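**Student:** Sequence:
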Amino acid sequence: MKKLLVSLLLILPSFFTLAFDRSEIANKSAEVTPLLNGQTLPDITVKNLQNDTLQLKQLISKKPTIMVFYRGGWCPYCNAQLAGLKEIESKLTDLGYQILAISPDSPERLKAQQTKQQFNLTLLSDSSLDAIRKMGIAFLLDEKTSEYYRDKVGVEFMDIEGTSRVALPVPAVYIVDQQGLVQFNYVNPNFRVRLPAQLLYDAAKVLAVH
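Throughout the sequence shown, residue numbering follows mature numbering (1 follows the signal peptide of the UniProt record, and there is no 0), covering -19 to -1, 1 to 191 in sequence.
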């Protein structure tokens, strides 16, 4: 487990190494250019369940933060991941962390999600895509997949560069300190593969003692 944790903390996948503009939305999930360990969060705005606009940096200035970026409450893989987080939530808060779960879902959808699943996690809306664009984890679905998600799942289209497209985040987990410095990140273009809750706890525990 320790060897795997060290690998996650230190190995930088090859698609991270190119020069890039993180505000651009990638055409494929494998082409995202995420924020890396040792880098600082940019200025990002999100919305809470009351539709209030919040500065992400203000939120994380309160205490060390675990940020979970997920596709939406309609995604079964995301719901399974969040359910796993619920199981270790008390242990993470005992270490001094707060947990922010961020998705492109609207505040209205997040309210329904919170009521249905009784989350204690802080759910935040990135319906403007500001967060996932600036974190470098946004990508566009192709036209056929976009139509399926819209018609069968109910995902909202966004007007992006004059065309209606669906943009989603590559599922990601970040641990940042109160200054916004990235201390740990896990980003996987394969949306079916998520960071195990126990491994997240192990990483958080290691970082909490430093």
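A few of these clues could be false.
[Claimed, not checked] In silico EDC-like links for lysine to aspartate or glutamate, alpha-carbon gap of 20 Å or less: (1) Lys44 <-> Asp123; (2) Lys44 <-> Asp183; (3) Lys44 <-> Asp75.
Source of the hints: derived by calculation from the structure; they are not laboratory data. Quick caveat, the model's predicted, so the values are computed rather than measured.
**Student:** Let me make sure I understand: some of the numbered hints might not hold for this structure. Which ones are they, in numerical order?
**Tutor:** Result: hint 1 breaks, nothing else.
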